[in-house]
Each structure stands twice: as structure tokens, then as C-alpha cells.
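A.B. asks: Sequence:
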Amino acid sequence: MSSKSLLRHLVSAGLLVSGGILLGRLTGFLREVAVASKFGVSQDADIVLFSLTLPDFLINLLMGGALAAALIPEFKRSTSKTSDQLFLQSSLLVGAGFCLLVAVLIWNAHHLVHLFAPGFDLVAAKHAVDLLTLVLWLMPLTALAGISMSYLQSRNHFGIPALGTFIFNTTLIIALFFFVTDAGDFRILGGAVLIGGLLRWSSQLICMGAHGMQWTRPGGWLISKDLFWRYFQALAAGSLILVLPVIARAWSSLAGPGGFATMNYSINLMELPMGVCLGVLATVLFPKLSEFFAQDRAEEGEQLAADGVLWVFIIAYSVVLVFTCFGQPLTRLAFQWGVMPAEGIQGIVLLVTIGITALPAQGMLLLMTALANAKRDTKLPFYCSLVGVIVFVPLAGLLFQRNGLQGIMMALVASYWIIMAAQIILLYQRHQLAIIKLPTLIEMSKALVTGFLLLLPFMWIVRTVQLPLLGSLGLAVGAGILLVAGEFLVIKRYRDYIIHRLGFRTHA
20 MSSKSLLRHL VSAGLLVSGG ILLGRLTGFL REVAVASKFG VSQDADIVLF
70 SLTLPDFLIN LLMGGALAAA LIPEFKRSTS KTSDQLFLQS SLLVGAGFCL
120 LVAVLIWNAH HLVHLFAPGF DLVAAKHAVD LLTLVLWLMP LTALAGISMS
170 YLQSRNHFGI PALGTFIFNT TLIIALFFFV TDAGDFRILG GAVLIGGLLR
220 WSSQLICMGA HGMQWTRPGG WLISKDLFWR YFQALAAGSL ILVLPVIARA
270 WSSLAGPGGF ATMNYSINLM ELPMGVCLGV LATVLFPKLS EFFAQDRAEE
320 GEQLAADGVL WVFIIAYSVV LVFTCFGQPL TRLAFQWGVM PAEGIQGIVL
370 LVTIGITALP AQGMLLLMTA LANAKRDTKL PFYCSLVGVI VFVPLAGLLF
420 QRNGLQGIMM ALVASYWIIM AAQIILLYQR HQLAIIKLPT LIEMSKALVT
470 GFLLLLPFMW IVRTVQLPLL GSLGLAVGAG ILLVAGEFLV IKRYRDYIIH
520 RLGFRTHA
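When you read off a place in the sequence shown, starting at 1, and then add 19, the result is the number in the working numbering.
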């Protein structure tokens, strides 16, 4: 495949995944808006958000991207029949294991509440335990969907997996808007969680059958000791990264009623561009990187990773600039509904303004983790994540005492940048992969200056013109598109490619 054909393939796959994830993230925010409008920053909001986020955290802690990191390279190296067998065996093993685990967790649900939300009083803790007994069963459904997603992505089918979050969130939104009226309806919400998880998994199974999946009885055992080992290493690395925002939320519960919810809303607002734009790049590039390294095409893999780092930087930097300029109206548009107070909005704005500066590091961290996994080196992300946790825990504790919730967010930002720096160093030391070379730094510098200059007129408009919320949203979207386009066009090879494509279409 030529470089231009590869770029077209990646762009089309990226747009497909981005569209699906965008729908998922937007419905995720609509879900947050529904919770905020129903419960504000009250104790009931803490209970609902805690019960919705804990299963996600646990499934990511125990599985996360580790299944994809371990299985996609194996699927890429296997024949179609062997891949089908591996999928079935993995599903049986993972499904049974997670069902057993959920039974144990439900038995100890009160300990989970005390561990992850130590600031809850007795009444809040009891309600949280009751809701957890339902929503924890989401874990086996999500784990099974993770295996089917890995299978589909290894076959370059990205659309249906990308819509999984959209399907799940839409189910919850319907429940929140039409069936949950007060705190007494928590169990209705728990049932909606399970229905959403089942619909997400079923949609992927239907897609697999439509693309020729052979539903035959599993044959000889294909899950090797090496596959297990790489899975647990990738799991450990991903789990440590996920621990950071969870610890941040837990400490936030000590700030009093609404502290947990405020931190949760802020982290989710920060994760919107992470999932819609930056996470897409790692998702799309990972199968192709695995293919390059499996075929001993290391030079192509290194160049693709270097391009990916530049793409991540341009998009993340543009988002940081846009939120710096439009943070207040964007946050109000997302959360100023129902019973959400004005001081709650201001608290979220302050936290996100600090946290958004970690976005370039988070995006590059995801991409470099995908690169290490494609090299089948799952130890490297683990070592780097461990460094980040070791830094974050004492730093967050210290800054929380001095600056409250803002201190926790500062520690989170510092930890992400440290993890990213550690990954850059270890990728070079262990694999001689220098993905940020002088030409890339020069291109980043051009994008840095271009983005800042393009933002200046928008900063002037925001300071001199009183815009309605929807007007601010439209202007923010326009600024984001202009910044990303300008930063790409200032780089010669991308400018030449776009001119060539436009010229080709003109003569067609």
C-alpha cells in the first residue's frame, strides 16, 4: 500500500471511528446533563455518578485496552479460522471469569463504597450499595463486548464498535429523561444500565455474523502462556493510568457534598475531545502499526507513529486554545440546566481550565502505548504508568491540602506529562524508536505559533461582544476547525497533499 493510499485508508477509518465516538461522547454528555439537571451537585448526584462510574473503572482496571493490546496482534497473525476459534475461547474464558468476579464484588459492595467514596455518609453509602448490586453485572457484558470489538477492529471493521458507547448512553438517557423522576428510582436506572450493555454487545455479534464469523465449537486451546502474560502486562499499565482520575474522584468526596460530582463533571468534560479526536488516532493506528511490525516493516511503522504524534499535538493544542478562549460558555452550555447552581458551573470551569493542559500529553501517551503494544512490549507502558502513580499520589495529597479540588487537578496534569516523557525515553532505549525528531519538533513549533495567531481574533470577539450560548458554541466550533486546518496547512507535506487532491478532483 502506497503512502497516499495508506493515508486515505487511515483518514476514512478515522472519520468512521470519530463519527461513532463523537455520537457516543455527545450522548455521554447528554447523560451527564440529564444527571446534572435531575440532581445538580447534591448527594443524590454523588450516588448516581459513583454507581455509574465505578463499574466502568473496574472493567477498565481489570480489562481496559489490555484485551485489544493482546488480541489484535494475535488476530492479525492468525488465519480466519484460527481467529474465530480464538474469539470463542476468549469469550468463554472472560465471560465466566467476570461473572464469578461480580458475584464476589456484590458480596463486598459496602467495602467498595468505603474504598472509592470514603466521604459518603451512612445513608448515601446504603443507596450506593443497593444500586451497585445491579450495575456491577454490566462488567461481564462490557468484557464480552471488548473481545468482539477487538475481533472486528482486527478485520478493519470500525463502525459498529465505535457506536457501542452511543447505544449504551442512549439507553441510559431514555431512562433518565422518561423513567427516573427522583432518588427512589435508582433501580430503574440500574436496569437500564444492563439493557444498554446487552444491546451494545449484541450489535457487535450481529456485525461479526454479517462479515462471515464462523460460529463453530471451539477446537484446540489457542490461549497461550505468552498471550496471558502480555495481557496482564498491558492490563497493569492501563489500570495504573485509570487509577489516577479514580483517586482524584475519591479524594474529591472528602471536599464535602458535591465534591465528587464536581470533579466527575470536570473530568468528563476534559475526556470529550480525548475520546472523539485523540483516542480515535490510537484506535485506528494500532492495527496498522501491529501489521507493520509483524511484517518487519519497522521503518514504515516508525514513520506512521511520528506522523501520529504530530497529528495528536495539532488537535490537542487546538482544543486547549479553544477552551482557554471559550471555557466559560462551553461549560455553561453543557451543565447549566435544571438545578445546577452558578457556583457549581464556576467550579467546573476552574478545574477544566487547569486539566485541559494535560490533553497533548494524554493523546501522545495513548499513541505511544499503542506503539509499544504493537511491538508486543507491554512492559514499557506499565513501567511508565507506575512512575506516574508514584508521583501522583503524594503530590495530589499535598496539593489537595493547599488548593482543594484545584490542587488535585494540578497533580493530575503533572502526572500525565511525566508519564509521556517516560514513554518517549523508554521507546528509544528499548526499541531505538525516536518518534519525536528535529523535523517533527520544527513542525510542532510552526503549528504552535500558527494556532496562537489564529486564535487572537476570536479572543478579541469574546472580550468585546456579548454572545448567546449557542452563538459561543458556533464560534468555538469555527475557531477549532480554523485552528486545526491552519496548523496542518502550515506544514508543507500536508499542504502539498491537499493541493494535489484538490487538483486531482478539479481535472476529474
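If you're looking for bench data, these hints aren't it; they were derived computationally from the structure. Incorrect hints may appear among the rest.
Distance condition first, Cα-Cα at most 25 Å in a straight line; then the derived PhoX-like pairs of lysine-lysine [unchecked claim]:
no., residue 1, residue 2
1, Lys465, Lys398
2, Lys394, Lys456
3, Lys465, Lys511
4, Lys394, Lys465
Restraint-style ranges between C-beta atoms, simulated for each label pair [as the list claims (entries may be wrong)]:
no., residue 1, residue 2, range
5, Ser61, Gly416, 23 to 31 Å
6, Gly114, Phe197, 28 to 36 Å
7, Ile214, Ala453, 44 to 52 Å
8, Ile193, Gln451, 47 to 55 Å
9, Phe198, Trp479, 40 to 48 Å
10, Gly114, Gln451, 25 to 33 Å
11, Gly114, Phe471, 34 to 42 Å
12, Asp140, Thr459, 48 to 56 Å
13, Cys118, Gly497, 29 to 37 Å
C-beta: ideal position from N, C-alpha, C; glycine also.
A.B. asks: Now tell me if each hint is right for this structure.
C.D. replies: Checked hints:
1. A hinted pair counts as satisfied when its Cα atoms are at most 25 Å apart, and Lys465 with Lys398 does not qualify at roughly 34 Å.
2. Only pairs whose Cα atoms come within 25 Å are accepted, and Lys394 paired with Lys456 is accepted, the gap being roughly 20 Å.
3. Our distance criterion of 25 Å between C-alpha atoms is met by Lys465 and Lys511, whose separation comes to about 11 Å.
4. A hinted pair counts as satisfied when its Cα atoms are at most 25 Å apart, and Lys394 with Lys465 does not qualify at roughly 31 Å.
5. Roughly 27 Å separates the CB atoms of Ser61 and Gly416, a value that falls within the hinted 23 to 31 Å.
6. Against the hinted window of 28 to 36 Å, the Cβ-Cβ separation of Gly114 and Phe197 comes to about 31 Å, which satisfies the hint.
7. Between Ile214 and Ala453 the beta carbons are some 49 Å apart, a value that agrees with the proposed interval 44 to 52 Å.
8. Between Ile193 and Gln451, the C-beta spacing of about 52 Å keeps the proposed range 47 to 55 Å intact.
9. Between Phe198 and Trp479 the beta carbon distance is about 47 Å. The supplied range of 40 to 48 Å therefore holds.
10. The given range of 25 to 33 Å is broken by Gly114 and Gln451, whose C-beta atoms sit roughly 40 Å from each other.
11. One distance hint, 34 to 42 Å for the beta-carbon pair Gly114 and Phe471, is violated here, with the actual separation near 50 Å.
12. The beta-carbon spacing between Asp140 and Thr459, approximately 52 Å, falls within the hinted interval of 48 to 56 Å.
13. For Cys118 and Gly497, the Cβ-Cβ distance of about 49 Å falls outside the hinted range of 29 to 37 Å, so the restraint is violated.
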